[in-house]
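Chemist: Chain by chain, the residues run as shown.
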Amino acid sequence: MLHIENLRAEVDGKEILKGLSLDVPAGEVHAIMGPNGAGKSTLSYVLTGRSGYDVTGGTATLDGEDLLALDPNERAAKGVFLSFQYPLEIPGVPALTFIRTAMNAQRKARGEAEITAPAFLKLAREHAAALKIDFEMLKRALNVGFSGGEKKRMEIFQMAMLAPRFLILDETDSGLDIDALKIVSEGVNAMRSPDRGMLVITHYQRLLDYIKPDKVHVLAGGRIAATGGPDLALELEREGYDKYARAA
Amino acid sequence: MAAVKQTIEHVEALEKYQHGFSTDIAQDFAPKGLNADIVRFISAKKNEPEWMLAWRLDAFERWLAMDEPEWAKVHFPRIDYQDSYYYAAPSEKKGPKSLDEVDPEILAVYEKLGISLKEQAVLAGVEGAPRYAVDAVFDSVSVVTTFKKELAQVGVIFCSMSEAIREHPELVKQYLGSVVPVSDNYYACLNAAVFSDGSFVYVPPGVRCPMELSTYFRINAENSGQFERTLIIADKGAYVSYLEGCTAPMRDENQLHAAVVELVLMDDAEIKYSTVQNWYPGDPVTGKGGIYNFVTKRADCRGDRSKVSWTQVETGSAITWKYPSCVLRGEGSVGEFYSIAITNGRQQADTGTKMIHLGANTRSRVISKGISAGKSSNTYRGLVSAHPKAKGARNFTQCDSLLIGKTCAAHTVPYIEARNGSCVFEHEATTTKLSEDQLFYAMQRGLSQEEAVQLLVNGFVKDVLQELPMEFAVEAQKLVAISLEGSVG
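Top line first, the protein sequences correspond to chains G and E. The numbering of the first sequence is this note's numbering, which starts it at 1 and goes up by one. The numbering of the second sequence is this note's numbering, which starts it at 1001 and goes up by one.
Treat the hints with caution; some may be incorrect.
What the hints assert, rightly or not - Among the chain G residues that face chain E by a calculated CB cut under 10 Å, a handful are:
#1 VAL11
#2 GLY49
#3 GLU89
#4 LYS215
#5 TYR241
#6 LYS243
To be verified - The calculated lysine-lysine pairs, modelled on DSS-like cross-linking and capped at a C-alpha distance of 25 Å, are:
#7 E:LYS1462 with G:LYS151
#8 G:LYS151 with E:LYS1433
#9 G:LYS243 with G:LYS215
Everything labelled a hint here was simulated from the structure, so no lab data went into it. The structure displayed is predicted, hence computed values, not measured ones. Even glycine gets a Cβ: it sits at the ideal position worked out from N, Cα and C.
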């Protein structure tokens, strides 16, 4: 599925990713943990093609297809989805309109027919119910005036609606209280499937109690400093990132 | 919400300026240039009565003594008023009596623009769907007005201005120039001298006009100006919704469009006036060509509790100079102004409104959304004033500007004059740049950059789009999309 090799990237001329390599096979959930400034968010932006994040070396492919050569929307159409750490507000555009527009843009790019209004609404009702989102909220401008928790829930809702093949969750647990964290995690877990990969970026081990990773990677100094099983997250929780930060 | 979806659905079908074609149609021109004889020529062409000619000549005399206004934030070379045609009309023996007599070439033009002039076709549509009566103004003259008979049954007069001058002189004499006086300003005065046609509407007391009325303006001839004049009178308790649309071929020379619109409202009357303006904006790179849109629009709320609402979507024209205004004379009268002004390429717009509170407890509301892209300049200029008698006057103004790219400009110039202590005026203004973060967010979800811009812009202008009649909202949406194509990246 996702294959990253010796990836180097810089922001404003400063190298942030310094030869990062990573493999996430289909059906697996990998967690990326690391200290602040290690390049966790940079990795998510490089994979999704944000401008200002310049790749200076290495490769990133999804099922053998070069991601780095594609525009952000083309990557989205290939099934790459990023749940933002800080979701943006889109004034004047109702959440449902935003998602339907995005869904149809992706479908068009893949040569598929647009979703019909009844089918879209049915899907939206199902996913909203599962995530305990009031349907009325979906008629309001996306994220405008939403609380931090509501915004995160809305990210997962979009993810469920768009049903991407590869999910990147960037600090999805930040700003969530324990109840919201449970709902969001259930939403994410519901998406686990043998042909879907996930990269869960988090600062804290807490989220991994709910979304059990197959592997945990420590990102420090712009590359993967250590890889292990779920136990590695617990160890990091106890001992902190110090030894990796120093090693980097 | 549906409208926002529409944009994306329509976007791939769009081209840069779709209405840039011109049509070869046999036409009569007045000789080039402007003098008293040309004014007489126009008046004679239209078989006008003596009083009308006198009115025009008086206007022409006054115009000669006036200077062009220079206070607007727009720049253009001096206009040579002698280098233009002031009258261009499709050749025909007499005015057409029915659709069958209209030159099929002209009907084809309107067909191509998506305007149906065939009553039959409109009637055959879905039951309950909104119907539109259309007055089609082609260069200097009205070529046809539809649904006249049906409107006449309820007493509504809807016809070309030339016809009104001949058939309803008492109404025209009483109201023409009573809202925008002959010498109100340079362009309005020029219009009074040479106006060639336009629409006339009278809605009698207590009548709610049974359908939307609309005028579709088309400049086709080269080197010609268009000077139309519209007069709408809503008598006591009457209601009418009126729409106008405008397009022109792509030409390298600038063409002048100096229109005057006068609205008169008696007690409890209501007029909703919507404009979708899409004159050719000129070449986006060189700035060559395009329409100079110098227009005077004013509503006079003479009656108590009358209400006027201007909604405009301005996407075209090389230069726009336009301030649809409300004179709130009647007690408790209400004025509204909803505007979307989009400039791209080398376009310049200086547009806004005047809310003049004369009567007690008058209220007004201004929502202006300016969007600038390319190397364009977009200025909101607005006046809100309350006279000593306008006790308890209220105004709410919101001016939002959105900048796309680094080479455009937005300006907001509000004038506020309160001459009594009991009025409440509120003014809110914001200027934002289309944010890279928002664009990336939308693109990460699958939208192309162009689609992302349109979605965000449509969100920005939503408050105003909602004010447009349904059919126009869709057209306006498409226009927003076209005019901002290629504005990012």
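Chemist: What are the numbers of the hints that this structure violates, sorted from low to high?
Modeler: Checked against the structure, the hints that fail are numbers 1, 4, 5, 6, while the rest are satisfied.
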